[in-house]
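*Asks:* Chain by chain, the residues:
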Amino acid sequence: MNIGIAEAIGLALRAIGANRLRAFLTLIGISIGISAVIALLSIGTGVQDYINNQFTSAGTNLLGIVPGRIQRGPGGGPGSFGSSAFLTLGDYRAVVANVSNIEAHAADFTSTGNFAYESRTSQVQVSGVTPSFSQVRNWRPSIGRFIEEADNTSRSRVVVLGQTVRKDLFPEEDPIGKQVKINGLPFRVIGVMEEKGASFLGDQDAIAFIPLSTAQERLFPQLAQAQTGDRIVSTIYLQVTSDAVRPQVEADVREILRERHRLAPDDEDDFSIISQTELLETFGAVTSVLTLFLGAIAAISLLVGGIGIMNIMLVSVTERTREIGLRKAIGATPAAIQGQFLIEAVVLSMIGGLFGILLGVGLALGVTRFVDFDAIVQPQAVVLAVGFSAAVGLFFGLYPARRASKLNPIEALRFE
Amino acid sequence: MVAEAIVSSRVAGEQNGKPEPMPVIDVRNVTKIYKMGDIEVPALRGVSLKIYPGELVAIMGPSGSGKSTLMNILGCLDQPTSGSYFLDGLDVSKLNDSKLAEIRNRKIGFVFQSFNLLRRTSAIENVEQPLIYAGVKAKERRARAKAALEAVGLGNRLDHHPNELSGGQQQRVAIARALVNNPAIILADEPTGNLDSKSGAEIMCIFQRLNMERGDTVIFVTHDPRIAAHTRRIIRIADGLIVGDEPVADPLMACPDQPLPDFKH
Chain A
1 MNIGIAEAIG
11 LALRAIGANR
21 LRAFLTLIGI
31 SIGISAVIAL
41 LSIGTGVQDY
51 INNQFTSAGT
61 NLLGIVPGRI
71 QRGPGGGPGS
81 FGSSAFLTLG
91 DYRAVVANVS
101 NIEAHAADFT
111 STGNFAYESR
121 TSQVQVSGVT
131 PSFSQVRNWR
141 PSIGRFIEEA
151 DNTSRSRVVV
161 LGQTVRKDLF
171 PEEDPIGKQV
181 KINGLPFRVI
191 GVMEEKGASF
201 LGDQDAIAFI
211 PLSTAQERLF
221 PQLAQAQTGD
231 RIVSTIYLQV
241 TSDAVRPQVE
251 ADVREILRER
261 HRLAPDDEDD
271 FSIISQTELL
281 ETFGAVTSVL
291 TLFLGAIAAI
301 SLLVGGIGIM
311 NIMLVSVTER
321 TREIGLRKAI
331 GATPAAIQGQ
341 FLIEAVVLSM
351 IGGLFGILLG
361 VGLALGVTRF
371 VDFDAIVQPQ
381 AVVLAVGFSA
391 AVGLFFGLYP
401 ARRASKLNPI
411 EALRFE
Chain B
1 MVAEAIVSSR
11 VAGEQNGKPE
21 PMPVIDVRNV
31 TKIYKMGDIE
41 VPALRGVSLK
51 IYPGELVAIM
61 GPSGSGKSTL
71 MNILGCLDQP
81 TSGSYFLDGL
91 DVSKLNDSKL
101 AEIRNRKIGF
111 VFQSFNLLRR
121 TSAIENVEQP
131 LIYAGVKAKE
141 RRARAKAALE
151 AVGLGNRLDH
161 HPNELSGGQQ
171 QRVAIARALV
181 NNPAIILADE
191 PTGNLDSKSG
201 AEIMCIFQRL
211 NMERGDTVIF
221 VTHDPRIAAH
231 TRRIIRIADG
241 LIVGDEPVAD
251 PLMACPDQPL
261 PDFKH
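From first to last, the protein sequence lines are chains A and B. For the first sequence, our numbering assigns the number 1 to the initial residue and increments by one for each residue that follows. For the second sequence, our numbering assigns the number 1 to the initial residue and increments by one for each residue that follows.
It is possible that some hints are incorrect.
[As the list claims (entries may be wrong)] Straight-line alpha carbon distances no greater than 30 Å define the calculated DSSO-like cross-link-like pairs of lysine-lysine that follow:
| id | chain 1 | residue 1 | chain 2 | residue 2 |
| --- | --- | --- | --- | --- |
| 1 | B | Lys107 | B | Lys137 |
| 2 | A | Lys167 | A | Lys178 |
| 3 | A | Lys406 | B | Lys94 |
| 4 | B | Lys137 | A | Lys406 |
| 5 | B | Lys107 | A | Lys406 |
| 6 | A | Lys406 | B | Lys35 |
[Unchecked claim] From chain B, some residues computed to sit far from chain A (all C-beta separations above 10 Å):
| id | residue |
| --- | --- |
| 7 | Gly135 |
| 8 | Glu140 |
| 9 | Asn182 |
| 10 | Ser199 |
| 11 | Gly244 |
| 12 | Met253 |
Derived by calculation from the structure, the hints in this document are not laboratory data. All C-beta atoms in this analysis are idealised placements derived from N, C-alpha and C, irrespective of residue type, glycine included.
Please put together the full structure from these sequences, using the hints given.
*Replies:* Encoded structure:
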C-alpha cells in the first residue's frame, strides 16, 4: 500500500505548516550550514578565478628576478626581503645573452615620482622600462603609444601615464602631447595605459612609464648608480617559451647571476626568481586552507542543524502519537508512517537548504561588494547544497521516523 | 459453545432456511495473554464468536473484562495469543504488521470515543485519509469522501475544520471516515461517550440507518446499556469469557419520526 510521493509531500508540508515558528527555528541551523557551503564555494571559485586572471594578465610564463632574497614564509607564502643587494643592467644583459628558451625579456627601474601638471599633482610610482615591457607584462596603452627603442637610445623625456595618474592630472583634457613635470623635470605625454584595476598588490594603475635609460641617467641618476659604475635595475622580466623549460631557465639564470655576483658555493642567493606558477601554487594553498576552514564551519552547522531536525522530529513524533495511532488504525503501514516522517524531515531540511542557498548567494554577493573579485555561484554548488540538505534530513530523520513507524497503534490511540 | 449455537441458529432461522451465509467475523477459541514482567495476565481466556453481515451488535462488559482486548483483536490492531480469527473469510491471526494495516484499511472502519480527527484538516480531507492509504486517486477520493459526508448529513460542512464543528458533527465526520472505504465491519468504541444525549441519539440514529438502509455491519463496544438497547444483539463479556449472547427483542429506535438529513444510498 504505497502512498504517492506528491501526497506524502503534501502531508509533510501541512505538518510543517502547522508549526511554522518551530519549523523556522529548526531550519535556521540547516540554512546557516547550506549558506556557508554556497558562499564558500561561490567566493572560493571567484577568488580562484580572480587570482588566475591576475596572473594571466600579468603575462604568461613570466619569471621575475628581483634583488635580495625573499624568505619563504611557513605557509609557503612570500615572506620578508633579505639583503640589500641589487641587480644591474650588466646582469640583465648577461642573462638575456646567455640563457636560452627566452621568448621575450624586459627590465625596469622603479621609484617614486611627484607628477605635476598646471596646478594638479600626483604622487605615483615611476618606472623606467625597456620597450618590451609592454609585451612581457601583457599591458598595452589604450591611447597613444608605449616607450620605443628610439626613446631609450635617446633617453627621451617621454612618459606613458597609468590611469590613476591620468585621472589625477587630466581629469577632462586629452593628455597626449601635454607636458608634465616629474620631480621637476619636464616630460611629454605620449600615451596612456589601459586600466588594469586594483589587485591584492594594490592599485596597479598608480604608475607611469618612461624609458629605462631616462630613469637611470636623467631622473634618478643617484638612485640608479651602483658602486661598480653600472646602472641598477629593479626587476628583470623573462618570458620563457613554455612552462616546461622554466626550471632549466631558472637554473641557468641562477648560475649566471651567482657567478656575476661572485657568490661562494655555500653563500645563499642575493636575488630571487619569482615564477607565476609558484605564486599560483602559493595562493592555491592559501585558498585551499580557507576552503577547508569554511568547509569545516559548514559541516559543523549541518551537523548541528541535523541534530536540531532529529530533535524536533522526535518531539513531533511524541506530540503526534495519537495521530500516528489513528493513521495506523485507518490503514497506514509502518512503511507509510516511516515514509511520512522521513519525507517531513527531508522537506523541512530542504526548505532550510533553500533558505540557505538564498542566504549564501546573498552573502557571497554581499562580500564581493567590498572586494575586487566577483563571487561565482556555480549550478553545481546549488545542486550540491540541495543534495546536502536532503541528505541531512534523510540521515537525521531516519531514527525518529523509524520510531514513529514502530509505535503500537493501541497504545498510540490511548496516548494523552 | 452454547452462545455460538444460539447465534448460528438465530441467524440461520432469520435466513428462512437459505444456506447459512459466511460470517463476517469468525473468532475461534481466541486467547490473549499479556506478559507484565514475569507475570502472565490473561485478558481473553478462550472466546469464540460469529457475527454475520448486516448485524448490529453491542459487545458489553465492565472495564477489565477483556472487552477492549477483544475489540483490538476484532479491529486487527492486536493479534491473539492463540486461536484463530477469520475476518470476511480471511485468517488474519497470523499476519504481519503491514498486512494487518492493509486489512484495517480495507475491511474495518473505526469510530472512537474521542473522534480522533486530524486537527487543521477539513472534514472532507479527514474523510479522505483512509483512501490515501488505499492508493485511491485524488479525484475519486474527493468524490467518495463527499458522498460519505453526505451520507451522514454533513454535505454542507465539507470544508469545515474540526474546531468549527460540534461534538456530534465531529463524530459524524469520523463515521464518514469509517465507512468511506466500504469496510466489512464498522467498529465503534463508546461512540457517544463524549457527547450529550441529544447528539448521542443523532449518532445512534446514523448507525441504525447505515445498518438498515445500507446493510452495514456495526459492532459497538460499550458499557452503556442505552447504546446496547439500540442494537439487535448484545454480547456480554466478563473475566475474558463470553458470558451472554442474546438478541434484543425490541430495539430502541434512535431516529425521530421525521427522517434525518438525506442519505444518498
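*Asks:* Each of the hints needs a verdict: does it hold here or not?
*Replies:* Comparing the hints with the structure gives:
Of the pairs offered as hints, the one joining Lys107/B and Lys137/B holds, with about 19 Å between alpha carbons and a cut-off of 30 Å not exceeded. Taken as a hint, the Lys167/A and Lys178/A pair is honoured in the structure, with Cα atoms around 14 Å apart against an allowance of 30 Å. Taking the CA atoms of Lys406/A and Lys94/B, the gap is about 18 Å. The hint holds against a cut of 30 Å. For a cut-off of 30 Å, the pair hint linking Lys137/B to Lys406/A stands: about 27 Å separates their Cα positions.
Between Lys107/B and Lys406/A, the direct Cα distance comes to roughly 22 Å. Compliance with the 30 Å bound is thereby established for this hinted pair. For the given pair, Lys406/A sits about 19 Å from Lys35/B by alpha-carbon distance, which is consistent with the 30 Å threshold. Non-interface call for Gly135/B relative to chain A: violated, since the shortest CB-CB distance, roughly 6 Å, does not exceed 10 Å. The claim that Glu140/B lies off the interface holds: its Cβ sits roughly 13 Å from the closest Cβ of chain A, which is beyond the 10 Å cut-off.
Non-interface status of Asn182/B relative to chain A is upheld: no Cβ of that chain comes within 10 Å, the nearest being about 13 Å off. Listed as a non-interface residue, Ser199/B keeps its Cβ farther than 10 Å from every Cβ of chain A; the least gap is roughly 21 Å. At the 10 Å boundary, the C-beta of Gly244/B stays outside the reach of chain A, the nearest C-beta of that chain being 25 Å off. Once the 10 Å rule is applied to beta carbons, Met253/B is consistent with being away from chain A; the minimum gap is 30 Å.
Hint violations for this structure: number 7 only, all remaining hints satisfied.
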